[in-house]
Every structure is written in structure tokens, then in C-alpha cells.
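**Student:** Sequence:
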Amino acid sequence: MKRFTRLAQSEQNRFSGANQIVAGSRPVTRRSFLLATLAAAGALPFRGGSEEPARMRQVTLGRTGIRTPVFLGDWMGSEEMYRIAIEAGVNYWHKIGQWRSPAPYEIFQKMDRDSFACDTTIDTLDKDEAIAEFERNRKRAGLEMIDGFKIHSEYRSAEDVKTKMGAVQAFEELKRQGRTRYLMMSQHINTAEVFEAAVESDLFDLIQIPVNPTVPQDYFSKETFPNRHTRERYFGIISKAAAKGIAIVAMKTFLGGTKTWDHVEGLRDQVRDYLPDDGSIATALIHWVLDIPGVLAFGNILFNRDQLEQNLKAATGRLTKAEDRGLRILAARLGSEMCRMCGSCTRAIPEGPAVSEILRFKTYYLSGEVASARDHYRSLPPSARYSEGMDVSPLERACPYGLPLARLVREAHTLLA
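Take any residue in the sequence shown, note its place counting from 1, add 12, and you have its number in my numbering.
Derived from the structure by calculation, the hints contain no laboratory data. The reader is advised that the hints may include incorrect statements.
[Said to hold, decoys possible] Below are the EDC-like pairs computed for lysine to aspartate or glutamate, each with C-alpha atoms no more than 16 Å apart in a straight line:
hint: 1; residue 1: K271; residue 2: D289
hint: 2; residue 1: K325; residue 2: E99
hint: 3; residue 1: K122; residue 2: E91
hint: 4; residue 1: K176; residue 2: E118
hint: 5; residue 1: K333; residue 2: E381
hint: 6; residue 1: K333; residue 2: D303
hint: 7; residue 1: K139; residue 2: E184
hint: 8; residue 1: K187; residue 2: E118
hint: 9; residue 1: K174; residue 2: D138
hint: 10; residue 1: K174; residue 2: E145
hint: 11; residue 1: K187; residue 2: E147
hint: 12; residue 1: K139; residue 2: E208
hint: 13; residue 1: K271; residue 2: E381
hint: 14; residue 1: K256; residue 2: E212
hint: 15; residue 1: K176; residue 2: D138
hint: 16; residue 1: K252; residue 2: D214
hint: 17; residue 1: K176; residue 2: D135
hint: 18; residue 1: K176; residue 2: D126
hint: 19; residue 1: K271; residue 2: D290
hint: 20; residue 1: K122; residue 2: E99
hint: 21; residue 1: K187; residue 2: E145
hint: 22; residue 1: K187; residue 2: E156
hint: 23; residue 1: K174; residue 2: E205
hint: 24; residue 1: K122; residue 2: E145
hint: 25; residue 1: K252; residue 2: E184
hint: 26; residue 1: K325; residue 2: D285
hint: 27; residue 1: K139; residue 2: D172
hint: 28; residue 1: K174; residue 2: E212
hint: 29; residue 1: K176; residue 2: E141
hint: 30; residue 1: K271; residue 2: E349
hint: 31; residue 1: K151; residue 2: D172
hint: 32; residue 1: K256; residue 2: E208
hint: 33; residue 1: K271; residue 2: E423
hint: 34; residue 1: K256; residue 2: D214
hint: 35; residue 1: K252; residue 2: E212
hint: 36; residue 1: K174; residue 2: E208
hint: 37; residue 1: K252; residue 2: E208
[Stated by the list, open to error] Pair ranges (Cβ atoms, derived):
hint: 38; residue 1: D281; residue 2: M157; range: 47 to 55 Å
hint: 39; residue 1: Q189; residue 2: R330; range: 39 to 47 Å
hint: 40; residue 1: S395; residue 2: R419; range: 40 to 48 Å
Bear in mind that the values here come from a model prediction, so they are computed numbers and not experimental data. For each residue, glycine too, the CB sits at the ideal point set by N, CA and C.
Generate the whole structure from the sequences, applying the supplied hints.
**Tutor:** Encoded structure:
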């Protein structure tokens, strides 16, 4: 039986609100055969006698039946990193066919197609455009089939999920042709509302959403902000999704990354007793995210080998008391800087600048994706960008988190314009 098929009914019955960690993973003989084959083809530096590293926690991605480590692959900064990740057991890849260089698709073309799963993202709700985009990505990757057709943050409201069905129809057509298998969604605009509607629709097999200690609120939000039900509601939606067998994958895990942390004066000194360096902060954030019932896995782009090895190691562990204490301090400080992408400001003043998008592009810039961040900013309509002298104070009043949006948006504009 193929590895990536839907689970039998008895397996589906195991889904509940909590994480389901799968005991075991790919048989060693199959993995050894795969690695040896790739090494012979020059795709991997085969190390037959090397000591096995600690094994990453394994999960089943909901009703897709895809079994994978909790760490999902994405674009990486060197071809060697892809090879290391595959050898370590990473077998799910996000945004395939969309990676900038290095994009070593030949590695995946040589692999047994049942040994890995992948998705590609779709940036339109129009049926014909969605099919064309999917096919471009598939052909660029050189694959006959891409497992996940992932609609990427195109919905702006719950009503959109119910009524704008073009991309869903595109998926259904491509699935009939054997080009894809699972309908997926990632969302980081008006997240909670769209996420809840997507779960209620039961259309999606996997949903990727922001999960970190400041989304939707930080640890101390109940004492600070009036909409005190938001975090419980958000986590409740995650649990509801898990109960339906919808896989939940975390993104935006690292709170903007090290450059964003640099912007908060004295932050590292305040957390040093619990989280002594950047690697320990990143590890703690991974452990925190995976500790949320219903969150199965996480994924992120990685620029260097140290980051990759840190992620691989973090995927073997669990949240400690020291990590949790450090993250409470971290979240309290970063909570005054981080946009939760809730969409409250845009709903209140729809004619104003696109705050959550602008501040998201700023995190791309600070993480090293300078050209991409500026391209994204330029792609916004002029009315959605910031301009000098623009009055942002109404947006600040609409922000339930009390963020200094005038300063944050102005700083982002300076970097991105």
C-alpha cells in the first residue's frame, strides 16, 4: 500500500483534540535503501556507518494519513542542507516548485515518490488562474503529482470561504486528473475568523496558521487587553480541527527571528537565565508550539546549517519549565512589537493601509529576505501602502493589543519603500 494514502477508518478513529504521536517511522531497511540509491546517484553524501542521531518525533497529518516528523521542510540556504534534512528523515516539503535558488528539485525527482510528500501554494481564488499556477509549480519541480494544493492566505473573511469556490473547483479538477490529493489552506490575514470558517466548512485536510506565544495574544493578554476570550477561542478552533482529523501545522513560529529580537532593547539580557542564546530561544519556541494540543508540526525557511541542525534537534524534545519561564518574558516584551494579523484594524478602517501585510513584510526583510519583502510591498495597491503624513491613529485605536502602529508602520515603510 502506498505510504501517503488516507488512513483506514480504524486509524481515523484515533484522532482527538490532542497531538497523536506515531510510534515508529519509516522502516530502516527502506530508508537505508533510499539513501543508498540517492548516494549512488550523487544526490546524497551516503554515510552508511555513521551513528544515527536522536529521532525526531513522528506524527500523522490528520486524515491525509501522511506520516512525517514534526519538522516539515521548506526552502533552505544551500543544497547540502536539503541533503542533510532528507538523511535526517525530513519527508514533507512545503512550497515545492516555488523555491528560489538553491532549488535542487533533481534530488526529489530521483527519489521514490512514495517516500516523501509535498505541497505548493496557490495565490488566487480564480479557478483557471489556480490551475495554471499549480501546473507551473508542478512542472518547475519536475513531479507528476504534488500531494497538497494549498490556498495561501487568499480569503479575507468567513464569507469568502463559503462563497469564493474557484480555487476549490480547481483543486477538484486537478485531483480527478491525479495531479494532487489533498486540499490545504494557509492563512495569516484575518486569521481567526477565516480559520474558524475553514474548519467549519470541512473542506480542508490540512490548515497552516500562525502559532507562537503572541498569537493571537501573549501570555499576559488577559490582564492587558479587553478581548480576553481570543486565545481560548483560537486554541479551541485548533482542537475542533483536530477532532475532525484536520491537520494543523504551525507557521510564524519564531516571532520574526533574530533581527526582530534585536529591535527590542535588552531582550536577550532579560531571558538569559532561561534562554541563554538564540538557539535556545528558537528551540523553546518550537517546543512551545508543539505543546499546543492539536498542533502537529511546524515548518520554516532556514538560511544556514546551524539553523537546520537546531531545528532537527528541537524536533526530538519537549517544552521544559525553564523554556516556558523564558518565553513568558520574551512574549511580554515582543508582544508590544508583534502584529498578530488579527485584522481588527483593517476591518475598522478598510480604506487605511494594509497593516498586517506591511508588518509581515517587515519580518521578511529582517529575516534576510530583503528583495522579496520589497517586492511584496510594491505589489500592494498604493492606497494600501503607507505614505508620509498619513494619519494612522484611527488604526491604533482599533488595535486590541495597543500596538504603536504609527511607529511600526512608519519604520516598516522606511525599510520597504
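**Student:** Give a verdict on every hint.
**Tutor:** Consistency of the hints with the structure:
{"no.": "1", "hint": "K271 x D289", "in the structure": "14 Å, holds"}
{"no.": "2", "hint": "K325 x E99", "in the structure": "14 Å, holds"}
{"no.": "3", "hint": "K122 x E91", "in the structure": "15 Å, holds"}
{"no.": "4", "hint": "K176 x E118", "in the structure": "36 Å, violated"}
{"no.": "5", "hint": "K333 x E381", "in the structure": "33 Å, violated"}
{"no.": "6", "hint": "K333 x D303", "in the structure": "12 Å, holds"}
{"no.": "7", "hint": "K139 x E184", "in the structure": "10 Å, holds"}
{"no.": "8", "hint": "K187 x E118", "in the structure": "24 Å, violated"}
{"no.": "9", "hint": "K174 x D138", "in the structure": "14 Å, holds"}
{"no.": "10", "hint": "K174 x E145", "in the structure": "22 Å, violated"}
{"no.": "11", "hint": "K187 x E147", "in the structure": "12 Å, holds"}
{"no.": "12", "hint": "K139 x E208", "in the structure": "23 Å, violated"}
{"no.": "13", "hint": "K271 x E381", "in the structure": "12 Å, holds"}
{"no.": "14", "hint": "K256 x E212", "in the structure": "10 Å, holds"}
{"no.": "15", "hint": "K176 x D138", "in the structure": "8 Å, holds"}
{"no.": "16", "hint": "K252 x D214", "in the structure": "11 Å, holds"}
{"no.": "17", "hint": "K176 x D135", "in the structure": "13 Å, holds"}
{"no.": "18", "hint": "K176 x D126", "in the structure": "33 Å, violated"}
{"no.": "19", "hint": "K271 x D290", "in the structure": "11 Å, holds"}
{"no.": "20", "hint": "K122 x E99", "in the structure": "14 Å, holds"}
{"no.": "21", "hint": "K187 x E145", "in the structure": "15 Å, holds"}
{"no.": "22", "hint": "K187 x E156", "in the structure": "12 Å, holds"}
{"no.": "23", "hint": "K174 x E205", "in the structure": "12 Å, holds"}
{"no.": "24", "hint": "K122 x E145", "in the structure": "24 Å, violated"}
{"no.": "25", "hint": "K252 x E184", "in the structure": "25 Å, violated"}
{"no.": "26", "hint": "K325 x D285", "in the structure": "21 Å, violated"}
{"no.": "27", "hint": "K139 x D172", "in the structure": "14 Å, holds"}
{"no.": "28", "hint": "K174 x E212", "in the structure": "10 Å, holds"}
{"no.": "29", "hint": "K176 x E141", "in the structure": "14 Å, holds"}
{"no.": "30", "hint": "K271 x E349", "in the structure": "13 Å, holds"}
{"no.": "31", "hint": "K151 x D172", "in the structure": "29 Å, violated"}
{"no.": "32", "hint": "K256 x E208", "in the structure": "13 Å, holds"}
{"no.": "33", "hint": "K271 x E423", "in the structure": "14 Å, holds"}
{"no.": "34", "hint": "K256 x D214", "in the structure": "8 Å, holds"}
{"no.": "35", "hint": "K252 x E212", "in the structure": "9 Å, holds"}
{"no.": "36", "hint": "K174 x E208", "in the structure": "12 Å, holds"}
{"no.": "37", "hint": "K252 x E208", "in the structure": "9 Å, holds"}
{"no.": "38", "hint": "D281 x M157: 47 to 55 Å", "in the structure": "50 Å, holds"}
{"no.": "39", "hint": "Q189 x R330: 39 to 47 Å", "in the structure": "42 Å, holds"}
{"no.": "40", "hint": "S395 x R419: 40 to 48 Å", "in the structure": "21 Å, violated"}
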